[in-house]
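What follows is each chain in one-letter form.
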Amino acid sequence: MTTPQTKEAPTAQQGKQVVNDFAMTVATMNGSGSQTSNLTLLRALFKMGIPVSGKNLFPSNIQGLPTWYTIRVSKKGYIARRNTHEIMVAMNADTFVEDLASVVPGGAFYYGDHLKFEIKRDDISIYSFPAKQLAKESAAPANLRDYVANMAYVGVLAKMLDIDMQKVREALEYHFDGKEKPIAINMGVIEAGHAWAAANLKKTDPYRVEPMDKTAGYVMADGNTAGALGAIFGGVQFAAWYPITPASSFAESLSQNIGAFRDKPGEDGKTYAIVQAEDELAAIGMAVGAGWAGLRSVTSTSGPGISLMTEFAGLAYYAEIPVVIWDVQRVGPSTGLPTRTSQGDILSTHFLGHGDTQQILLLPGSAQECFEFGWRAFDVAERMQAPVFVMSDLDLGMNQWMTKPFEYPDKPMDRGKILWEKDLEALKENWQRYKDVDADGITYRTVPGNKHPQSAWFTRGTGHNEAAKYSEQAEDWEKNMQRLKKKFTTARQFVPQPAVDQMAGAQVGLIAYGSADPAILEARDYLAEEGMKTDYLRLRAVPFTDAVSEFIANHQTVYVVEMNRDGQMHKLLQLEYPHLATKLHPLTKHDGLPLNARWVKDAVLAEENHT
Amino acid sequence: MNSNGHSNGKQAAAPANIQLNLANLSKNDYRGAPTTLCAGCGHNSIANQIIAAAYELNIVPEDVIKLSGIGCSSKSPAYFLNRSFGFNSLHGRMPSVATGAMFGDHHLKTIAVSGDGDTTNIGMGQFKHIMRRNVRIVYIVENNGVYGLTKGQFSATAETGLRLKYQGVNPYTPIDIVLEAMASGATFVARSFAGDANQVKALIKAALSHNGIAMLDIISPCVTFNNGDDARHSYAWGREHEEPLHDFTFVPREQEIQLGEFPEGSAHTVRLHDGSTIVLKKLDRDHNPADRAAAMRLIEESRGQDVFLTGLIYVEPEHPSLADIYQLPKGRTLNRMTEDMLRPEKGMIDKANAMMF
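Residue numbers (the working numbering), protein chains in the order written: chain A, 247 to 857; chain B, 793 to 1149.
Derived by calculation from the structure, the hints in this document are not laboratory data.
No false leads were slipped in.
Pairwise CB distance ranges, derived in the manner of DEER restraints:
no., chain 1, residue 1, chain 2, residue 2, range
1, B, K1138, A, P579, 39 to 47 angstroms
2, B, E1093, A, A506, 48 to 56 angstroms
3, A, P387, B, N1145, 30 to 38 angstroms
Within a straight-line C-alpha distance of at most 16 angstroms, the following computed EDC-like cross-link-like pairs (lysine to aspartate or glutamate) qualify:
no., chain 1, residue 1, chain 2, residue 2
4, A, K697, A, E675
5, A, K650, A, D459
6, A, K732, A, D686
7, B, K1122, A, D514
8, A, K362, A, E344
9, B, K1138, A, E653
10, B, K1073, B, D1039
11, A, K510, B, D1132
12, A, K657, B, E1137
13, B, K920, A, E524
14, A, K697, B, D855
15, A, K650, B, D1142
16, B, K920, A, D525
17, A, K516, B, D1132
18, A, K460, A, D267
19, A, K657, B, D1132
20, A, K413, A, E437
21, A, K516, B, E1131
22, A, K516, B, D1116
23, A, K725, A, D682
24, A, K657, B, E1131
25, A, K382, A, E437
26, A, K732, A, E822
27, B, K1143, A, D423
28, B, K1143, A, D509
29, A, K427, A, E416
30, A, K697, A, E671
31, B, K1122, A, E513
32, B, K1138, A, D656
33, B, K1143, A, E653
34, A, K510, B, E1137
35, A, K378, A, D359
36, A, K510, B, E1131
Okay, the calculated bits of chain B under chain A, using three or more residues with CB under 8 angstroms as the criterion:
no., region
37, 870 to 884
38, 1114 to 1125
39, 1129 to 1139
All figures in this text were calculated on a predicted structure; none of them were measured in a lab.
A virtual CB, placed ideally from N, CA and C, is assigned to each residue, including glycine.
Sequences and hints are given; from them, build the entire structure.
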């Protein structure tokens, strides 16, 4: 072996310990089974009570391309992505050189000793370990050795960072659903790695962990699973979907879990149906058909699917059909960066459809909120008789988030203005599908299966009058479109209000939404350290409510921070509030990575110093 | 409300001379809005046979939903069954809407109307997938080989060499809708001709009793854009070249078959899922519509020949429908389920959180 097993870090670093405040990145090859290892580390740290986040940076590929997983531990509770890492675990020859270069001075570099590279850095601690050998010596069958080799670094890191091995076991038990055989095989490799490190490695870097109590009252969840569970608690009855990264796990989670919550022994049949459609056109078509027929109906997709759903979105808007579209945003246009995160569908989705359309958007900012909007979106859709788009993203949807536990819906289902036989009987024929009797833009609907002879109406995307009859009359068209505009105004009463957090004496306002939230929270602390106090409004829906205009009006300067090129939400706010437009400034990042607090801080300060 | 749980609306006001069916409804209760299609359009006569079939089968209009895509044919659901819910959806996308809608109340019967452009041009993908899913729908293609609403372009079923006024000569091979349906696993496949009212009606009746997709390719001449005497989708050509596979009688479940009408040895009986039967009287061919290979061979042979085979080409009555596959309840409908059935009870939130780490 030409490379040294252990190289000591500069003496300046010695003696000083850094506890529960660092980021570590594991570099592996896609399809090598590293996800289990990384999640095991993440979960073990979480179980130790240390605030933690995990960001998977993966390629659009089944096997072979490089992938990185960054785990951040933060005693302060920051869970946004860090731009830098103190610890690197290199398991991929293809990226070894850049991985080595990426470690911050004073950091630690671990690598499997099957990777033969010359290592010239002397400002970091270097540790190599025999990953392949440890896997070979384990109880793992020969065909699984390459997979479990990644478990070796879990053991090595557990030893070197003081990760509690009992918590490692708990993480494995969760991952393998209590199945003893895979738990034993993997735990065996981890223990071997741990023992090997204890016998052979001398710790020379300052990074380690200690148990805390700051994850009590939290769970680890991804937004797609959370949203699917939320939909189950919202009484979802129909889902149609087409596979697409990063949305597939929403529908898959729905399929896997709904039975456990909704099937009852002795029932006559199912209360739901989930259909994998032939494409996104069919997925939204089925969902619209089911919504029309009175079901709580959802489809899940990402940007390319949203593009394909455009015509149906316009139809559902105009014919007034409730349906939920769960958009897990990724980087576009076109195929773009399909495995990277973005908030780039805001404008196109809000206006989805030709002609005059305004679509309702819900903007979840945490896994817990994905759960909440999972059920709430149905209430809004059925109340408004309109499509409701839930704008999640890849980071929120696919990464594990430390989040508050899911909460049971705080109000009964809102099925909206729907009439059944007895209602029509009481109305004595005095009902028209598109007549605005309540002056709120929302009319009363009936659904197929209603047996009253006056229940039926003809649904169409063509011009229609209040009685749902075909009409090309100019005044019918204009009147109906004006009513739809009024309905959108009414929606303000039914969508989630923004979340506002203020600091005494703040002059600067920040507006953000979705998965940008953790970076904003962290950046506000940094800005406060620099003497800049900020107020923060997190948008949770479009249409905007009065709280948004008040927030803008009450601040000299408001930065709208988002993850797209053109400042899409910034533009939407300017359109909505032209009289406040000059107060609004876009701060945009569109590199496909989850937002980073240092960038937010620097961008705000740069703007402030500039003006 | 009558014993079926239906209230029949205007029935009480019906004058004594109007004939009521067993559902206590007059034929007027099955009519639609006045047609806006061209006089003599084959689509109108199909609409009339839908009305007649539903009336004669004593189907309550509220127990039917009707759907369509976009085009002349897709306008026609407005012209029958006014008391049924209807959805004139998007061009080529009716199959997906119909599939989703079925789950709302899967006890309803669905009549879906499409055209050759709506089905074989823009909608071929969805057409094939609704066939393979075996959604319980009567899927009628009103096939005239031409686009009407956009004024006379070729559709994918237009025969090679067809000349149209503004389009010139069609250079492409036509798509055979029956063959496409068969290839996609359809469980009830028939072809007819709008000018053959009795056959159209009998096929619609049988299709309404089928527990699965029932695809009717009905040649329905366009009197405005494609009705030259030598055009394959014209009245003249259809009348001259139609060769029915069988004499065809549909017997609803409630009625006994009068065996005397069909001498033994010449009749083939197909029992549908709901107990109805189709009795096929042999003509010069001896086609068994339960024989898939024979059906495929028959269609393939008739392609290119100067014959136009009509009748029930294939039926597979026992294949599970989409509602069966999804184990939908026998005794209730999804869209009448209330919160107590749909929202897990409060304690279940702990289970959801326990699933997380």
